[in-house]
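Enquirer: Protein sequences appear in the order of chains F and U. For the first sequence, our numbering assigns the number 193 to the initial residue and increments by one for each residue that follows. For the second sequence, our numbering assigns the number 193 to the initial residue and increments by one for each residue that follows.
By construction, these hints were calculated from the structure, which means they are not laboratory data. Treat the hints with care, as some may be off.
No copy is singled out in the list; a pair is fine if it fits within one copy or between any two copies.
To be verified - Below are the DMTMM-like pairs computed for lysine to aspartate or glutamate, each with C-alpha atoms no more than 25 Å apart in a straight line:
1) Lys420 x Glu485
2) Lys295 x Asp202
3) Lys212 x Glu484
4) Lys536 x Asp300
5) Lys212 x Glu485
6) Lys295 x Glu276
7) Lys212 x Glu475
8) Lys295 x Glu323
9) Lys420 x Glu512
10) Lys304 x Asp422
11) Lys420 x Glu479
12) Lys420 x Glu272
13) Lys420 x Asp471
14) Lys420 x Glu484
15) Lys326 x Glu479
Protein chains: 2
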Amino acid sequence: MKHVTMEFLDEGLNLIDQRKLPGEVTYFRARDYRDVKLAISDMVVRGAPAIGATAAYGVYLAALEYSSEPREDFIPSVKEACDELASARPTAVNLTWAIDRMKDLLDDNADKPVDDILDIVLARAEEIAAEDVKINREMARHGNEIVPAGAQVLTHCNTGALATVGYGTALGVIREAHNSGKGIHVYADETRPRLQGARLTAFELVEEEIPATLIADSVAGTLIRDNKVDLVLVGADRVAANGDTANKIGTYGLSELCAVHGVPFYVVAPTSTIDYNIDSGEEIEIEERPPEEVVEINGARIAPEGIAVYNPAFDVSPAENITGVVTERGIARSPLRESLAEFKE
Amino acid sequence: MKHVTMEFLDEGLNLIDQRKLPGEVTYFRARDYRDVKLAISDMVVRGAPAIGATAAYGVYLAALEYSSEPREDFIPSVKEACDELASARPTAVNLTWAIDRMKDLLDDNADKPVDDILDIVLARAEEIAAEDVKINREMARHGNEIVPAGAQVLTHCNTGALATVGYGTALGVIREAHNSGKGIHVYADETRPRLQGARLTAFELVEEEIPATLIADSVAGTLIRDNKVDLVLVGADRVAANGDTANKIGTYGLSELCAVHGVPFYVVAPTSTIDYNIDSGEEIEIEERPPEEVVEINGARIAPEGIAVYNPAFDVSPAENITGVVTERGIARSPLRESLAEFKE
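Make the full structure from the sequences, and use the hints.
Expert: The following block contains the structure:
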């Protein structure tokens with residue numbers, strides 16, 4: 193990627209504005225944690241790992257803001273801001289994961305001088321961001337093992353450099369396979385309603401010169417049936433202990449079609465996406481987003497006034513449809529509950 | 193429907209311009225058969241039954257145009273125009289069906305005076321159009337039998353009054369079930385890339401005050417899995433002798449998800465959509481449409497330059513996924529080859 197997803201500079205977080213890509217490459221500047229929350233909820237930045245790192249920087253901005261408050265209010269105020277940031281989007285567990293790490297850090301260092309705490313908090317945010325790139329590269333290395341030479345790979349939504357701090361999860365594996373000279377070709381689902389596939393994945397694929405074809409989401413089924421897809425790679429917003437995986441709406445249907453036709457279906461996600469606290473996908477809260485995402489495109493209305501809309505952002509693919517989960521620690525394979533448990537810290 | 197799909201008036205065919213709905217209700221006037229061909233290929237008018245009737249009027253406009261030619265050139269010229277009209281779109285068999293009926297009519301009456309032939313041709317076009325409405329009402333009556341009270345019905349693309357001369361196929365059944373007081377609710381797939389569900393089906397549902405919810409195509413899978421859909425009703429562009437059915441891209445995936453979850457999946461189509469000349473869906477030519485349909489919405493580009501696009505307009509649902517085919521002569525049920533054969537004239 194020639195562009196960076198996020199950059200912390202001069203006490204503010206610059207985020208490439210993903211709402212405007214690929215038409216415009218502009219940056220959104222988050223000057224305080226409220227801006228960060230808005231950036232996450234309005235999807236200036238999206239993708240589970242990117243959201244996690246963004247939120248960590250948001251905690252630092254909150255700490256900076258409250259550093260001039262009376263000392264006894266400092267930690268409670270920052271922790272309140274943490275809770276607000278955590279509520280920006282409900283499904284991606286990386287958000288809670290990053291916030292929880294920051295809250296633990298605040299607790300562990302509560303008695304230190306405020307300036308020291310600020311340094312520690314910023315260092316941790318930068319560590320989370322740097323770690324994400326490293327983790328992505330590890331996932332890509334493991335994931336590349338399962339990509340056959342010349343493979344036709346189908347992917348859904350955007351799981352690339354833009355969905356992470358850098359490199360990508362599922363798209364990171366694709367990038368690695370391409371760079372290792374395997375001669376792969378990618379089918380990218382456009383991914384309605386937000387069109388992350390058409391806008392972001394296609395943008396990254398064109399930029400990296402990876403051979404790729406964009407399709408409407410509905411085309412995937414007939415490609416899978418006609419043996420034109422060797423492998424499906426998707427990201428994840430939350431993986432339950434049993435392997436059930438919440439990911440962008442439409443992923444479930446793909447997983448089912450792969451199961452019917454015996455096409456390998458892999459989830460690529462860092463272990464921070466695994467939520468060992470929930471037993472199965474039934475417990476995952478699915479975010480419902482505004483109807484405008486469906487009835488308006490680029491501000492122009494496409495559907496009549498008066499029609500109701502149901503717009504869930506995610507669905508859950510059952511563990512039995514998932515061939516494996518590629519993490520930075522290796523590939524968890526069926527039975528997923530047991531193999532995922534091995535990756536628990 | 194408060195608006196009519198087509199109306200033949202003052203030696204021209206007025207077609208509601210479905211490219212502009214629901215934002216603008218305007219009419220496209222086809223003054224000759226070339227305009228009719230354009231209207232079909234550019235999807236001013238779409239939907240297999242509507243295309244058939246439109247083409248029949250196109251043959252009359254060709255006859256009118258060539259009626260001043262030397263007598264010996266008249267029939268051959270009109271038949272050439274027939275072939276041109278038939279080539280406007282390849283998948284919907286109703287187009288060929290209507291054109292073939294018109295060609296037979298020309299042959300049968302070739303020796304009559306030109307003015308008589310004109311009268312006969314216009315009468316047949318009007319008969320095909322009138323017949324379509326009658327057939328739709330018959331299908332709706334048969335189809336209503338399979339709709340349970342309070343059913344959650346999912347449909348794909350537009351199969352309503354706009355896809356036909358009036359009333360509709362799958363949406364005709366929905367209309368009938370609603371009008372008979374069954375208290376149904378409809379999920380309408382938006383149907384990318386042309387958004388016939390969002391633009392046309394939602395428009396008809398709102399106009400008729402049928403309780404309905406618009407969804408992105410990718411949402412259907414999770415609804416079916418979660419037992420929120422009791423019945424799927426779709427139209428067809430061509431049904432092979434064995435029951436394999438070509439319909440709008442995305443239909444195949446729905447049929448497979450219904451098969452997996454035991455949800456009844458019905459095709460609603462007049463017998464003119466059944467192509468007894470082809471044994472299975474493998475022989476159906478699938479139209480590939482321009483990439484602009486995917487990468488542009490309302491003229492605005494949504495994907496980066498340089499990305500390839502695959503844009504098939506249809507896919508094929510295998511007979512084994514189809515619970516039944518609702519026709520004007522009754523419902524063909526599995527085994528479809530045998531039951532469809534009974535409807536052959």
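Enquirer: Work down the list of hints and note, for each, if the structure agrees.
Expert: For each hint, the structure was consulted:
1. Lys420 x Glu485: Answer is between: at 22 Å across copies they meet the 25 Å cutoff, but 31 Å inside does not.
2. Lys295 x Asp202: within (24 Å within a copy, 77 Å between copies)
3. Lys212 x Glu484: both (16 Å within a copy, 19 Å between copies)
4. Lys536 x Asp300: within (22 Å within a copy, 80 Å between copies)
5. Lys212 x Glu485: both (14 Å within a copy, 20 Å between copies)
6. Lys295 x Glu276: Within one copy, since 12 Å is at most 25 Å while 71 Å is not.
7. Lys212 x Glu475: Close neither inside one copy (33 Å) nor across copies (43 Å); limit 25 Å.
8. Lys295 x Glu323: within (18 Å within a copy, 71 Å between copies)
9. Lys420 x Glu512: Intra 22 Å, inter 21 Å, cutoff 25 Å: intra and inter.
10. Lys304 x Asp422: Neither: 55 Å inside a chain and 61 Å across chains, both beyond 25 Å.
11. Lys420 x Glu479: Between copies, since 18 Å is at most 25 Å while 32 Å is not.
12. Lys420 x Glu272: neither (50 Å within a copy, 38 Å between copies)
13. Lys420 x Asp471: between (35 Å within a copy, 24 Å between copies)
14. Lys420 x Glu484: Classified as between; 23 Å across copies, 34 Å inside a copy.
15. Lys326 x Glu479: neither (29 Å within a copy, 45 Å between copies)
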